[in-house]
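Residue numbers (our numbering), protein chains in the order written: chain V, 1 to 79; chain E, 1001 to 1288.
To be clear, the hints were calculated from the coordinates, so they are not data collected in a lab.
Treat each hint with caution, since some may be false.
[To be verified] Label pairs and their computed distance ranges (CB to CB):
no., chain 1, residue 1, chain 2, residue 2, range
1, V, D7, E, K1212, 31 to 39 angstroms
2, V, G44, E, P1262, 49 to 57 angstroms
3, E, P1262, V, C17, 48 to 56 angstroms
4, V, E30, E, D1250, 55 to 63 angstroms
5, V, T9, E, F1246, 50 to 58 angstroms
6, E, E1038, V, G68, 56 to 64 angstroms
7, E, G1288, V, E30, 55 to 63 angstroms
8, V, V15, E, K1008, 54 to 62 angstroms
[Said to hold, decoys possible] Taking lysine-lysine and the DSS-like style, the derived pairs with C-alpha atoms no more than 30 angstroms apart in a straight line are:
no., chain 1, residue 1, chain 2, residue 2
9, V, K63, E, K1164
10, E, K1146, V, K55
11, V, K55, E, K1164
12, E, K1008, E, K1049
13, V, K63, E, K1212
14, E, K1164, V, K60
15, E, K1212, V, K55
16, E, K1212, V, K25
17, E, K1132, E, K1069
18, E, K1049, E, K1077
19, E, K1240, V, K55
20, E, K1212, V, K60
Every value quoted in this text rests on a predicted model; they were computed, and no experiment measured them.
Glycine residues also receive a C-beta, built at the ideal position from the N, C-alpha and C atoms.
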Amino acid sequence: MADYAVDQTVDITDVVCPVTFVKAKVALEELDAGQILSIRMNDGEPVQNVPRSVKEEGHKILKLLDNGDGTWSLIVRKE
Amino acid sequence: MADAVDYKALKNGGFMRQKQKDNFSLRLKVVGGNLTAEQLITIANVSKKYGDGHVHLTSRQGVEIPFMKLGDIDSVKSELLEGGVPTGVCGPRVRTVTACQGDQICPSGCIETYPLAVEISERYFGRELPHKFKFGVTGCQNNCLKAEENDIGVKGGYQIRWDKTLCTLCGVCVKACRTNALSVSEDRVVLDEGECNNCGRCVKSCPTDAWKGEPGYIISFGGTFGNMIAKGNEIFPIIKDKGTFFRVADGALEFFAKHAKPGERFRVSIDRAGWDVFKEEMEKVYHG
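Based on the provided sequences and hints, a complete structural model is requested.
Printed below as a string of structure tokens:
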């Protein structure tokens, strides 16, 4: 199932919109193209909105995982 | 003295009488909340030259220039027109058509709001009716433009379709959906059509474009938000083409002209005639 290996993780559960996306964006900028980032975010607004913003930035979303603790992890490949 | 000032005609032409004698707040025509820099400069110059140097932004995206003097009306009008700024209207007629920025500017937008607002305005602006009549166009379900406050409100939406071959079952759309209309089963995304509000968030968020969205108009009728407060009602599913929209809008205005008592808002006319009667007449024009 998991046909990817996470290179880096970032936790954006400690910030609120719009800093959620900014923090994720900064983390993505530090990676090389093709590398995989796991973004841990809160349920609600972050998980409703951050994936769309990541898509609009042109990156590839591979998976959204339910961590079972009220947080979700978005697996993104930097393009 | 029995002067010949026709205050009603002035008001109809956008000159709103102020408390201060012989002073008018001049309402300008603005469509969809857009003005060019050149128009703004013209407005600023007129305000400085003939008014007291300030303008008022109205609640419906309009601009008024207060403290226009009775004797200056003709020169004010011609200077504004020269600078490409037409004057607005008041009274029992179709008013300013409002719009949000829509899908040409806003990432959430599902439809092109401004061109639609311009078309609505060109077709109906200033048309005489039993009472004031307001159109508002908003690009998506976020509803920044508050569609249901208007006599006819237009809200952009997507009619959605899922392409199994492109879907990776990542689950992003399920979380993006605000009406819980989506769920993931073993090998597919299941759509509960009764719960879908056509917001298009699945389409916007889908990483593989497995969700396709066809833009359309969600129409509400009979909204009013002044002395009387009532939310406009939707009576049709999402409308996919402008032809149908304008047939329906034409029909609604005809219904209003036919059923209203003078000085009565659209909402009151529909309530009195009955929503079933209104719906029946609208169904006829809806189907062409």
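Next on the checklist: Hints numbered earlier in the text: which of these fail when held up against the supplied structure?
Outcome noted: Nothing - there is no hint that the structure violates, so all of them hold.
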